[in-house]
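For this one, chain A is given, so just place chain B on it according to the hints.
Residue numbers (my numbering), protein chains in the order written: chain A, 11 to 315; chain B, 11 to 315.
Don't read these hints as lab results, they were simulated from the structure.
Given the structure is predicted, the values throughout are model-derived calculations rather than measurements.
Incorrect hints may have been included.
Since the list gives no way to pick out one identical chain from another, each pair is judged satisfied if it fits inside one copy or across any two copies.
[Unchecked claim] Once the Cα atoms are required to be at most 27 Å apart in a straight line, the calculated DSSO-like pairs of lysine-lysine come out as:
| id | residue 1 | residue 2 |
| --- | --- | --- |
| 1 | Lys-274 | Lys-164 |
| 2 | Lys-274 | Lys-287 |
| 3 | Lys-103 | Lys-117 |
| 4 | Lys-252 | Lys-94 |
| 5 | Lys-103 | Lys-114 |
Number of protein chains: 2
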Amino acid sequence: LAFRLTILGSSGALPAIGRFPTSQYLTIQNRHFLIDCGEGAQIQMSRFQVPVNKIDHIFISHLHGDHYLGLMPFLFSLHLNKRKDDLHLYSPKGLDEIITLQLKYSKSALNYRLIFHPFNPEAITTLFEDDAMTVETIPLRHKLECAGFLFREKPKLRRMNKDRLSEGLKLQHIVQLKNGEDVFNDNGKLLYRNSDYTLPPRPSHSYAYCSDTAWNENMIEQIKGVSLLYHESTFMDADEDKALETKHSTASQAATIAQRAGVKKLLLGHFSARYKKLEMLLAEALPLFHNTELAIEGASFTLEE
Amino acid sequence: LAFRLTILGSSGALPAIGRFPTSQYLTIQNRHFLIDCGEGAQIQMSRFQVPVNKIDHIFISHLHGDHYLGLMPFLFSLHLNKRKDDLHLYSPKGLDEIITLQLKYSKSALNYRLIFHPFNPEAITTLFEDDAMTVETIPLRHKLECAGFLFREKPKLRRMNKDRLSEGLKLQHIVQLKNGEDVFNDNGKLLYRNSDYTLPPRPSHSYAYCSDTAWNENMIEQIKGVSLLYHESTFMDADEDKALETKHSTASQAATIAQRAGVKKLLLGHFSARYKKLEMLLAEALPLFHNTELAIEGASFTLEE
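Only chain A is shown next, with the shape it has when bound in the complex (with noise of 0.2 Å):
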């Protein structure tokens, strides 16, 4: 399961009967990320099985209550684990305060290092990279100062044609084959043309994370065509206006962004507690965008290698 992402809440502010408040749980390549943390995401967590002490990075939108305060008590249940590697923590300004204020009144020391990677929420920036991927921040129009984040792989290597393979194949061949270099010998003769021994690589894939906003154009160019939108949609049509006071946004605007920036699949989540029946919110979604699900607690979308 190379990039495989599952949904631990789906709620907005206000928890619903059943709904937790906004957190996820991301896997890309044997990295493990963590995307916000609301109330209770240790208890999702457990429930669906995620490999907590794997997981090495955590994103915070913004610090609004339903999206961080899970946190602490996730924090304090690895150091009960025995937890021993580092944890980076990437959030707006704040967080580092709140929660070594909270550690200094509960007079504990941490077993394993937090590093606080503090951003801001109105550039974009890159938080993370490695050899196979990278995150950066998506900026949002929300009450708060809020950024979402975009998980996108780097182009993978050719792959080796297994109906071609040859006995004289050494190590460094596969290495600049799968590099996409043709191999030639000492003398500059051509051993192994690019084109006849590999295939080309994986598709690489890529997850927007669009936490709390209002309707939001300005971010359709940066998330352009990826393989996986969730975007909020707290409200349907008909409470526009509560979507409006309060920036957030409705299923048909989730929608029409997806549309607009061309992506494969839209997800959709941070649902107002006042409705019961979350296909009511779809519906208005589907005429826009016909690729669009819901985001609800336990639902997992596995992207195909």
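Just chain B, lined up with the frame of chain A:
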């Protein structure tokens, strides 16, 4: 239901599947109290139909995360649900700072007034008093400054004997009789002898909540004869070394305290996540104190009038 306790969480610091961290709802003569508020307390309040808007006083025993990290989400929900009434918070020093900092970073001003009452957990202090009852701290022995709470009804008025109601009785006479006085006319002639017209008052109940504590003989005097004692019992006898190390109690220590304090009933709680079957903890307490029950999620204890 003049005096009723409902258990919202029974778990120790690490959450166990199906258990929630410590929180209790107590109602006494139409006063509504919340005692500790671990993560997810508001989920449990909703599940067990606690009238959250009637809660005007919240008591926090200490600032370990499993006893207060459900408070901030609960405060935000009260705000979103348009609470207007003042809310009183009693806790060791620090909670005011923690809450104020989180409100600052969420740029929220609550609709209602939060009134902080920091207390010194090392001394017996009366935190609340009105015409019907008092609440005082119970100093405990834990890794972090920690106090329990003793809720005590004041002596009640005598009751009118319904078999002896006389037509001549005026409201002022009834008030005098309920207060234990005889009633005379203006000339000093005895009209109603108290013992002829009234019955003894109903019993006054008391509840001692002894949150996280190591073995603590000091509190026996203070909680002597209470109607109901909640005493943490994080561990079984076989793990007594863990109890010593973490400054918690075993079930048999809790039962010994109950027995020596001559309480009427004992409740056990704050169970370590290592125990799947809580009946084993109960079994260790019962031989030492017969009237013992497990304080598990949803359990409710009513003291009869």
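- Message: Taking the earlier hints as the rules, which of them does this structure contradict?
- Response: Of the numbered hints, all hold.
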